[in-house]
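Note that the protein sequences, when read in sequence, are chains A and B. Quick note on numbering: the working numbering labels position 140 of the first sequence as 140, and the sequence is numbered without any gaps. Quick note on numbering: the working numbering labels position 56 of the second sequence as 56, and the sequence is numbered without any gaps.
These aren't lab readings, by the way, just hints derived from the structure by calculation. Please read all numbers here as calculations on a predicted model, not as lab measurements. Hints are not guaranteed to be accurate.
In the SDA-like style, the derived pairs of lysine to any residue whose C-alpha atoms are separated by at most 20 Å in a straight line are [claimed, not checked]:
| # | chain 1 | residue 1 | chain 2 | residue 2 |
| --- | --- | --- | --- | --- |
| 1 | B | Lys-158 | A | Ser-82 |
| 2 | B | Lys-104 | A | Thr-85 |
| 3 | B | Lys-158 | A | Asp-101 |
| 4 | A | Lys-117 | A | Glu-42 |
| 5 | B | Lys-110 | A | Thr-103 |
| 6 | B | Lys-110 | A | Asp-101 |
| 7 | B | Lys-110 | A | Asp-95 |
| 8 | A | Lys-117 | A | Thr-85 |
| 9 | B | Lys-110 | A | Asn-13 |
| 10 | B | Lys-158 | A | Lys-117 |
| 11 | B | Lys-104 | A | Asp-109 |
| 12 | B | Lys-104 | A | Arg-131 |
| 13 | B | Lys-104 | A | Ser-82 |
| 14 | B | Lys-110 | A | Ser-40 |
| 15 | B | Lys-158 | A | Ser-111 |
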Amino acid sequence: MASHPLVTQGTLNRLRASVIVPGFTSLNVSSQYMGKNFVSVEPEGDFALLIETATGAITSPEPYCFMNVTVDLLRTQSLSQSWLTQAETTAVLGDVSIHPDTTAFDSIDISETIIQKVTPGVFDGQDPIVRVNLRGVFYLNNNLWTSA
Amino acid sequence: MRIDEELRLVLPLGDDRFCYHTPITEEVFRANFKILASTRASLFGRGLAYAADVGPQIATLTLVDEGEQLARERHMEGDHGASALLSELKRLTTVLVPTDSGWKHEPVAKSLDEAEWREVESRVVFFTCLYALSERRNQEEAAQAGAGILGGRITSSKSSDLNAFLRAWTEEPTSGEKPTEGASSEADSAGQRQRALAS
């Protein structure tokens with residue numbers, strides 16, 4: 001009988017999740033300043049296109065896509081106010097890195113990042129979340145440049 | 001007092017990495033002035049030489065000790081916000097790690113182990129006590145003096161200029177040369193540092 005091909009599955013450490021803003025380091029967010037949803041990252045659009053032809057398909061890699069980042073901050077901490085104040089001053093942040101909940105997955109680095117919106121939330125004494133939506137450019141398919 | 005958010009402390013870690021610390025904001029200062037003042041008084045109470053010699057190594061321990069003492073005086077549990085302040089200092093500190101495209105900011109939790117962070121944390125606490133409690137007109141001088149004691153430098157470089165700042169620092173001769181702008185060389189004498197601290 002073959003042995004079980006067990007591979008250690010690892011452990012997620014949600015306290016590792018953090019957001020680094022090199023141009024405005026006072027906006028850095030670590031887990032102690034986040035709500036239960038921490039931070040999420042979602043690409044917008046495809047990484048490559050598959051265009052139908054008569055007999056097959058043409059591939060067309062995208063050089064970039066937009067990346068949407070949602071950070072839940074705590075309204076009870078002044079950091080959430082700092083983000084709103086930053087948006088009032090300038091919503092253009094430049095580079096931003098999002099560090100995940102495991103060391104096995106590298107940080108996601110986005111460029112030309114903007115603060116899309118800061119949602120202060122409901123002031124009913126039950127929801128402490130100030131939601132920050134970021135949007136930036138995630139570069140893809142770098143080989144396009146060497147074969148251009 | 002307005003804490004100048006444009007000044008940053010850069011501390012070498014002994015290899016190609018650096019710690020990059022953003023000073024606390026005025027709001028954080030207002031929330032923690034008592035514990036910071038007590039810590040500074042304790043560190044500097046035995047004279048400038050003592051503070052410059054052992055202050056950077058015992059600053060975190062002193063902060064926690066002073067916090068617990070302040071809490072006891074008020075018949076309260078805890079450390080009077082010392083842990084929260086240390087979390088804030090950690091959030092405001094990143095590690096600059098060399099990459100092919102220059103130095104990249106990484107979170108402390110990713111780049112330093114506990115022992116390394118404890119050492120850096122104590123130096124950052126020492127710097128904060130020195131810098132945040134100085135009069136506005138003396139703040140830059142205090143920051144330079146603190147950075148000099150810690151073997152670091154103060155920079156106002158924006159992110160885009162930081163690579164040039166670090167490259168110039170790492171490539172410059174280690175002795176016998178005039179320090180660059182905003183820098184305190186390793187050769188600074190203890191007397192010079194003490195005069196700056198006293199100013």
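Each hint tested on the structure:
1. Lys-158/B / Ser-82/A: 19 Å, holds
2. Lys-104/B / Thr-85/A: 26 Å, violated
3. Lys-158/B / Asp-101/A: It is violated: about 28 Å lies between the C-alpha atoms, which goes past 20 Å.
4. Lys-117/A / Glu-42/A: Within the cut-off at roughly 16 Å; holds.
5. Lys-110/B / Thr-103/A: 8 Å, holds
6. Lys-110/B / Asp-101/A: With Cα atoms ~10 Å apart, Lys-110/B and Asp-101/A stay inside 20 Å; holds.
7. Lys-110/B / Asp-95/A: 18 Å, holds
8. Lys-117/A / Thr-85/A: Distance of about 12 Å is within 20 Å: holds.
9. Lys-110/B / Asn-13/A: 11 Å, holds
10. Lys-158/B / Lys-117/A: 24 Å, violated
11. Lys-104/B / Asp-109/A: Holds, because 10 Å separates the two Cα atoms, which is no more than 20 Å.
12. Lys-104/B / Arg-131/A: 26 Å, violated
13. Lys-104/B / Ser-82/A: 23 Å, violated
14. Lys-110/B / Ser-40/A: 18 Å, holds
15. Lys-158/B / Ser-111/A: At roughly 16 Å apart (the allowed maximum being 20 Å), Ser-111/A and Lys-158/B satisfy the hint.
In the structure shown, a violation is registered for the earlier hints numbered 2, 3, 10, 12 and 13, in ascending order.
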